[in-house]
Structures are given as structure tokens and as C-alpha cells.
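Colleague: Keeping their order, the protein sequence lines are chains Y and H.
Counting from 1, one number per residue, gives the positions in the first sequence under the working numbering.
Counting from 1, one number per residue, gives the positions in the second sequence under the working numbering.
The reader is advised that the hints may include incorrect statements.
[As the list claims (entries may be wrong)] Here are the in silico distance ranges between beta carbons for each label pair: (1) R152(H) with T91(Y): 32 to 40 Å; (2) E314(Y) with T124(H): 22 to 30 Å; (3) A81(H) with V324(Y): 33 to 41 Å; (4) E21(Y) with P10(H): 45 to 53 Å.
[As the list claims (entries may be wrong)] Pulled a few chain Y residues facing chain H out of the computed Cβ check, cut under 7 Å: (5) R28; (6) I58; (7) S62; (8) T66; (9) M87; (10) A133; (11) D137; (12) H139; (13) P182; (14) P188.
Hints are computed from structural coordinates only; laboratory data are not their basis.
For each residue, glycine too, the CB sits at the ideal point set by N, CA and C.
Okay, here's what each chain looks like letter by letter:
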Amino acid sequence: MPRDLTPSTIENTFVLKALTERIRLDSRSFNQLRDLDISFSSTEYGVVDVKLGRTRVIARISAEITQPYTDRPYDGLFIISTEISPMAAPTFEAGRKSEDELVISRIIEKSIRRSGALDTESLCIISGEKCWAVRADVHFLDHDGGLMDAACIAVSAGLLHFRRPDITIEGVGSRREVIVHPITERVPVPLAVLHVPVCVTFSFFDVRKASSAISGRTRKDEAKDVDEDDVEEEEEEEEDDSSVAVLVDATLQEELLRHGYMSVTANTNREICQIQKGGDMPVDVGVLLSCSEAAIMVAEKVTKLINKRLKEDEARRNVGNLLVEARAENDR
Amino acid sequence: MEVNKRDELPDVATLEIVVRPDVGVASTREQFLQDRIRRVVGPVIALELHPRTLIQIVVQIVQSGDTKALNTIALSASINATYMALLDAGVPLRSTVSATSIVCYATSSTQAALTTGGVLIDPTRPELEKIEKDITSVHTIAYELKGGQMERLLLSESVGSFTEDEVFECYDAAAKVCEETNRTMREAVTKSVQQKGRWRD
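Just chain Y, same shape as in the assembly:
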């Protein structure tokens, strides 16, 4: 039975003490993302490798033809599978969903599928009979915090990179036939991606509480619990913005020690797709607004990087401009 990671008390006080001095252990500033690296598979479409610091996620988009749901005949299917294996970290058990995993898959589901990033109506081939089922498999390879941020970026980039084979419909009425042209025969078709959601997770640290706990412990080891409780109560009354440290893109260590978190998904249209707040720490309206603003900034930066990498990949594939010239939507 894998046990949860529990940071030691020394680690705990050290990290929190550093945060009260506005220092992060990896020398980043509070609102700085770790190094983000996005690379695409050279052989296949829709395979993305995202590295966010030491966190590594691979997303794989695939599509096949199936029957649509009877109550939604005009919609295609879009499934995101985010099963976390022990590959990411030994704390994740194979075949059993942990609470963290549930939160991560829900946030990704909300960020991408329910925000309508992929136009499912465009996946319809013959209404009520045939449609594309697009599947995004997310493989978490290494876990150093920010799994959902990395996964969200990976799936978004994967959807943009993926190409499905071209199809034609022949015949009329009930004798219609769908012909799938292999990608070696016809230039494959990109998906209808409406916007690029990027998820950013903010970690909150109650600095006042932390510093009082630290100083209390060092000053008087035998300090009674009652005393500490009193101190905390007093402070809660006069809480203001400066008592909260807001960190962008926490590492695993910071994630384990944080008092609360909020993940905001935004896109370059300055739209907020979802907000999820967790942990047992109340957060001010002002903080929420500034976080949303910061999330939009990050989204713009990340989208820019995704587009840059997509262009590079396109240039590498598009030898002799064949991909553009042979495209189906060109005039003949």
C-alpha cells in the first residue's frame, strides 16, 4: 500500500519560513512559471510531450468512427482519459482512483471538454449514424507538481496538432457509404478547435499563520496548543491581503505544504473557462480577481509558445509545400 508523501517538519518550516521572506526554494519569483517545453512526435499527429520543470506529461489524441449517442445525433464524441499510473509517482495506485486523481481529471474535463474547446458538432459524419470519436489519452510520466496544468497544456496542444484522415460520403439515403482516405493518400484534416484553454494553478500559503507557528515553535517548544489557537484566532480577525502568499505553478513540495489552491482555466480571448478552489483557506475577492488576471497572462504566454512550436513542426513536415498544395479545401 503506497503511503502518501508527507514532508518532514524541518522541510515544512524551512519552506514556509522562506516564503515569509518571499523566497521560493527554486529561486523563482512568486508569479513565475517553471521552464515549459512542448514537443510533438515526428512521426504521428496528435502526440505531444509537455515538460513543465520536472513534471512530464504525454498526451495522445486518436480518432475512430463510431455511432453517436441517440439523444445527440449531431454531436461527435470526445473523451479525455486521465488515469494516473504509478509511473508518475509511487503514491498513485494502479487501477484505483485517488482523490487527487479525481480532482485532476475533473478539472481537465471542465477546462477542455465542457468549455467547448473542441467543436463536437464538426465531428458528425452522418447524423445519428456515424461520427468521429476523438480520444485524448493523457500519460503522466513524472510528477513534480502541476499535473493538471501540464495535462491541460498537453491536451490543448494535442488537439491543435492532431489531424484526422479525410473522408468522403458516397451514395444517397440509407445506402450512404463513408470512405476513409488514409493519410498517405490525402492530406489529413485538422480538428475544429474553438479556443485554447490553459489551466493555471495558484497555491495559497497563509504566511501569518505559518510565521506565527514557526516562531512559536522556536521560541517555546512547550507552547501549549491553546496558546497557538488563541494567536490564530486573533489574526484571522485582522486578515488582509499581505497575509496570503500566492504562488504560480507550485512544485510537488510546495503542493504538499500549501494551505489552499485555486486552478483557473483561461484562454487568449480573456475568457475564464473554469475556476476550482480547494483546500481549507478562505480567499479574498481581490486575490481571486488578480489570480484570474494572472491566469490570462499565463494563457497568452503559453498559447504563444504552443503556436510557435506548431509552426516549427508544420515547417518540418511541410517539405516542398505539398501539405498546403494538396489540401482538400483548395480550389481545383
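Chain Y is fixed; fit chain H onto it per the hints.
Modeller: Below, chain H alone, put in the same frame as chain Y:
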């Protein structure tokens, strides 16, 4: 790692192998791979040195080299990857392992493989797709090696129709490939150890 009470063995370490597919959820195919990897790697790991612990191996297939009907490249690659991972993790092993895939096919679909057939060793996906219809038999072979020399056969997984001579031919060919793979692995490990031990200098 700490072992689940239910799986705890008093005299040896528990070996857990998880294979995860590149697309979709784990099915019988992955179960099959898990079982075969266990059979190859199990006898090689010195499990008795770590009683009441868990050695967990997770194999994540990132890009499958097999066509839909086959399961051989994934198996040989998983075995090689598992062995390298065990080395890197510093798990005590008795000997070295390497595996290879051999695909026999008929050059003309009407004739038998032995007379006019071709053999592909560790084929790539495009190569496989080209000959997909003419494949007569597929062999996955793993050897245990000691000092770079083939020691004993650990796994011989064959599918299709073939003769006795053919399979022995495959064994000989596989032994050569495995020894070669073993050399490459050795180089890679040497390099990694040198890199990791750089702080000593």
C-alpha cells in the same frame, strides 16, 4: 517500496508489473504483456535480498510499433526497457537480459515462408505494415546473458505456422541480435554511470 499487506511475502520481494497502453484502457493485451515480462524478469531479479518489500515496474507504452494484430515489438521493447530501468534503479540482478522480435513473412503469399520467405528482425511499424498480409510467423525471444555471451533462453513466444528448423534458425539469429543489444545497453549504462558519478572526480 512498502508492500500491500495482502501481497506481502515473508521471504522474497513482491514483484508488481503494470503495463499501460498508449491508447485506451488496459485490456487482456496488457495483461498478457505483464505476464510475459514477469516470466522473463522474475527469475533474473534477486528477489530474496529484499523480503517483504515491493518492486514495482510500470511500463508505459508511448508509441506502439505493433500493428493491430501483433504484440511482439511491444513485448521485446518492454523487456529491454524493464531491464534498463532495473539497472538504473539499482535493483540487484543475477544476470543480464535482452529480447528481440523476429517476423517471418512469405515473399509471395502462395509459397511457404521457409523456401522463399524473408525475415525481419526488430521491424519498424512502416516495415510491418508493408508485409502485414504475408506474415507467416512472429517470434519474440529473450535470452539471459552472462559476460555478453548468451547463457540460456528465457522466453520464446511464437505465433503463426512454422517448422522446427525455422524456429531454431530464429533462435540462432536472436542470440546474435541479443548479444548486440546487450553491448549497446552496456554502453548506455556505462555512459549514464559515468555521468552520474562525475561528482566523484
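Colleague: So, for every hint listed, does it hold in this structure?
Modeller: Going through the hints against the structure:
1. R152(H) with T91(Y): 32 to 40 Å: 38 Å Cβ-Cβ, so the 32 to 40 Å window holds.
2. E314(Y) with T124(H): 22 to 30 Å: 24 Å, holds
3. A81(H) with V324(Y): 33 to 41 Å: Since the Cβ atoms of A81(H) and V324(Y) sit about 38 Å apart, the hinted range of 33 to 41 Å holds.
4. E21(Y) with P10(H): 45 to 53 Å: 50 Å Cβ-Cβ, so the 45 to 53 Å window holds.
5. R28: Violated, about 25 Å.
6. I58: Hint on I58(Y): holds, closest Cβ of chain H at ~6 Å, below 7 Å.
7. S62: Holds, about 5 Å.
8. T66: 13 Å, violated
9. M87: OK, holds: M87(Y) within 7 Å of chain H, min 4 Å.
10. A133: A133(Y) check fails; min Cβ-Cβ to chain H is 11 Å, beyond 7 Å.
11. D137: Hint on D137(Y): holds, closest Cβ of chain H at ~5 Å, below 7 Å.
12. H139: This interface hint holds because 6 Å falls under the 7 Å limit.
13. P182: At 10 Å from the nearest chain H Cβ, P182(Y) fails the 7 Å test, so the hint is violated.
14. P188: 17 Å, violated
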